[in-house]
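Given chain A's structure and the hints, the job is docking chains B, C, D, E and F with the ligands onto it.
6 protein chains.
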Amino acid sequence: MPLDSNHLIGKEALLLLLHKEDQLPEKLRQLDWKYCKGKVGSMDGQKVVAAVETAAKNQGIIKSSLYRETHALYHAILEAMSGVTRGNNQIGTLLRTVGLQFAIVRGNPYKDKEEGEWIAVALYGTIGAPVKGLEHEAIGLGINHI
Amino acid sequence: MPLDSNHLIGKEALLLLLHKEDQLPEKLRQLDWKYCKGKVGSMDGQKVVAAVETAAKNQGIIKSSLYRETHALYHAILEAMSGVTRGNNQIGTLLRTVGLQFAIVRGNPYKDKEEGEWIAVALYGTIGAPVKGLEHEAIGLGINHI
Amino acid sequence: MPLDSNHLIGKEALLLLLHKEDQLPEKLRQLDWKYCKGKVGSMDGQKVVAAVETAAKNQGIIKSSLYRETHALYHAILEAMSGVTRGNNQIGTLLRTVGLQFAIVRGNPYKDKEEGEWIAVALYGTIGAPVKGLEHEAIGLGINHI
Amino acid sequence: MPLDSNHLIGKEALLLLLHKEDQLPEKLRQLDWKYCKGKVGSMDGQKVVAAVETAAKNQGIIKSSLYRETHALYHAILEAMSGVTRGNNQIGTLLRTVGLQFAIVRGNPYKDKEEGEWIAVALYGTIGAPVKGLEHEAIGLGINHI
Amino acid sequence: MPLDSNHLIGKEALLLLLHKEDQLPEKLRQLDWKYCKGKVGSMDGQKVVAAVETAAKNQGIIKSSLYRETHALYHAILEAMSGVTRGNNQIGTLLRTVGLQFAIVRGNPYKDKEEGEWIAVALYGTIGAPVKGLEHEAIGLGINHI
Amino acid sequence: MPLDSNHLIGKEALLLLLHKEDQLPEKLRQLDWKYCKGKVGSMDGQKVVAAVETAAKNQGIIKSSLYRETHALYHAILEAMSGVTRGNNQIGTLLRTVGLQFAIVRGNPYKDKEEGEWIAVALYGTIGAPVKGLEHEAIGLGINHI
Ligand SMILES: [Mg+2]
Ligand SMILES: [Mg+2]
Ligand SMILES: [Mg+2]
Ligand SMILES: [Mg+2]
Ligand SMILES: [Mg+2]
Ligand SMILES: [Mg+2]
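Chains as they are written, first to last, in the numbering used here: chain A, 18 to 163; chain B, 18 to 163; chain C, 18 to 163; chain D, 18 to 163; chain E, 18 to 163; chain F, 18 to 163.
So that you can see chain A by itself, here it is in the shape it has in the complex (with noise of 0.2 Å):
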């Protein structure tokens, strides 16, 4: 039943995350696992939900016409940001904003087969004062059964 060191999912969303565009991480290569990135800016909440949302079911990542794996989706992009924002999941009503990058990855990490299909959505990237320059880094990860 445990993870499969070779196979961690929350690692591959990360390094996907934290490397240069053109770098794939080595494992995310070899698996038969799907995955995309992409960005969001704001100072709404419910703005990087939905960029994660809609970039998940755009690229196939998750079936949109299935609720559980919306919902799924959903509580790990909500786990995600209260690491971005360390606890509340508020940006704007704050006076902060976040620039981010995100990855989301969909596979099965366990070495026991019928562990199933898990997601993993990292999120990396700056918080701060709505001013260039005035934010520090911040991570979030969220993983789930799917």
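Hints may contain errors.
Per the computed footprint, the stretches of chain A lying under chain F, defined by three or more beta-carbons under 8 Å from a beta-carbon of chain F, are [claimed, not checked]:
1. 102–109
2. 146–156
BS3-like mimics (lysine-lysine), calculated; alpha carbons at most 27 Å apart, straight line [unchecked claim]:
3. K56(B) with K44(A)
4. K54(E) with K37(F)
5. K64(D) with K37(D)
6. K37(C) with K74(C)
7. K130(E) with K149(F)
8. K54(D) with K44(C)
9. K44(E) with K80(E)
10. K74(B) with K37(A)
11. K44(C) with K80(C)
12. K80(A) with K44(A)
13. K64(F) with K149(A)
14. K130(E) with K74(C)
15. K56(A) with K44(B)
16. K37(E) with K44(F)
17. K54(A) with K44(A)
Over the 12 Å line for every Cβ pair with chain A, so calculated as not near, a few chain C residues [said to hold, decoys possible]:
18. D21
19. N75
20. L83
21. Q107
22. N125
23. E152
In short, the hints are calculated from the structure, not lab data. The beta-carbon is built from N, C-alpha and C at its ideal position, and this holds for glycine as well.
Frame of chain A, contents of chains B, C, D, E and F with the ligands only:
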């Protein structure tokens, strides 16, 4: 005043954490920054805080004689923990345990040298039931001026 | 001082909410308690609060001329909302919407009459993406002395 | 894709909890769903989690050999606890205790059979000072895809 | 219905706390309000709650035989603690300790006498690492109708 | 390393806030510390943050050209707001409004001069329904190294 995209302190801390132990992120090799890595596994939040603080003091990342440095580190640790716990900073009280690696980096990530030193605490590992394998990955990053 | 197991104010509010509109919970019929029901759907937390407050005032559950009654009701509403939102009291800012029924009950649920009046606010309905069907149920209950 | 208003999994769990033990909600009798009830009283959040998890495994509601099922249940339990604690999931650390009944229901509440199985955890009881009678009612409901 | 600016219950509690022990805020001397002061130092949130509750009962600020008074006080204490802990009400579990003075005031701060009695709990002191000097100040205030 | 009990930065900020405008706390007169006062009333959290930041920059409490100073101030403001809102930093989204005075103090509160400068943000005023009089007092204090 912007972040220097070649000296991203959070990214360096995250890559230090996600790479194999003998692979040092390129940038960290070139910069005259302080950093260290460590591990902690616990159901007890205060042990996670203590492990990171002890490493930072023992490895000379912060001066233990100055409260302002301990204060900067402490808030960075709490912010990182809120990513790992996805908001509530509770571990054992919710019947879960963490197995984490941590990286601490201290340096000057802004182009303007007057922005001075900052500290990044990154946590990466697993969180889940206190049973081997019943766990998934988690990440957290806290950044503070020091 | 214990709760009277025949006069559980929270349970009455919940059953009033969960039963069909023409089915009044047995206990509520017998007690000389004040109660009302209503509906609200919104992505906006303040509209949920306003809908419950307005109903409570219009139906004579609380005296609108007394702040202490509004205060008691307000905290009961927030506690109920935290059940529905599972902790953060955020709705639209996280790209979700609620479709809720609410019940408000005011009465004396303790055996000792000196414990006086209490108010219960129960919310039940759905929460999810702002798309019909992409939602699941949620509940919340707030109880306060009044 | 909408919820089937005759198969509301959350409502069934709540009615199972609020009704007398020998009264089974009508719908649950007709459906081929799995469910169980139990009790737990504690000042210790992890005991509440453990009691629900143990019941779910022992009564065959979830397969203990699959982490994805434990994961689905765990998050449903935490969501239910956040209703009971009204947000912070802390019990004894804030000098309060809970006396709860719980119901767990597993079934397919959506009209579209492809939406598959979902799990609902409902908690109902009292929360208050660790002194008999110094307490009021609380409820919580967590729902997850499984 | 407005607050009487000469009878601000929160301000009185805060000044009672911030002034030297032999200096009683002017207003409190003139009003027929109940109040007391005390101290508590702990890494354990429940000890803070208990210290304030015990003082309030022993000094006759609240009637211990009425749960509604304990309930009013309890929520005021939690609100004050959330100021001290800046949101999460966790102390030792995050490896920090508090050294607090507290003041409790009970009176009628509104011009309209029908608004009745309210209770204020103020906490002031230090929070920090469990090492002398590694700490800074913190404050909290909770106000409730009683 | 301990706090100098004659130079308590938080207490000075609180007394500056709680006293009449023409009464300057004794200590502040003697110390060579920077401080200012201001007012803000809003249902919008970002306006509270902005009002305090603008005052701090305009009154020369912090250097607006340095992000590290804005960062120190920002976290102090959020900590103070969490006292006022008792944890969630939400105002208008929960149908409430604040009428606050704020004080900002910058100085060196520790005996050891190497501890350098710290900043305190104190907020005091009322929080309640957006109707005159339906409100009670609230306080918050955030302290950070700068
Ligand atoms: Mg999880
Ligand atoms: Mg920051
Ligand atoms: Mg209560
Ligand atoms: Mg959900
Ligand atoms: Mg209040
Ligand atoms: Mg601090």
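Numbered hints the structure breaks, given as an ascending list: Violated hints: 10, 21, 23; rest satisfied.
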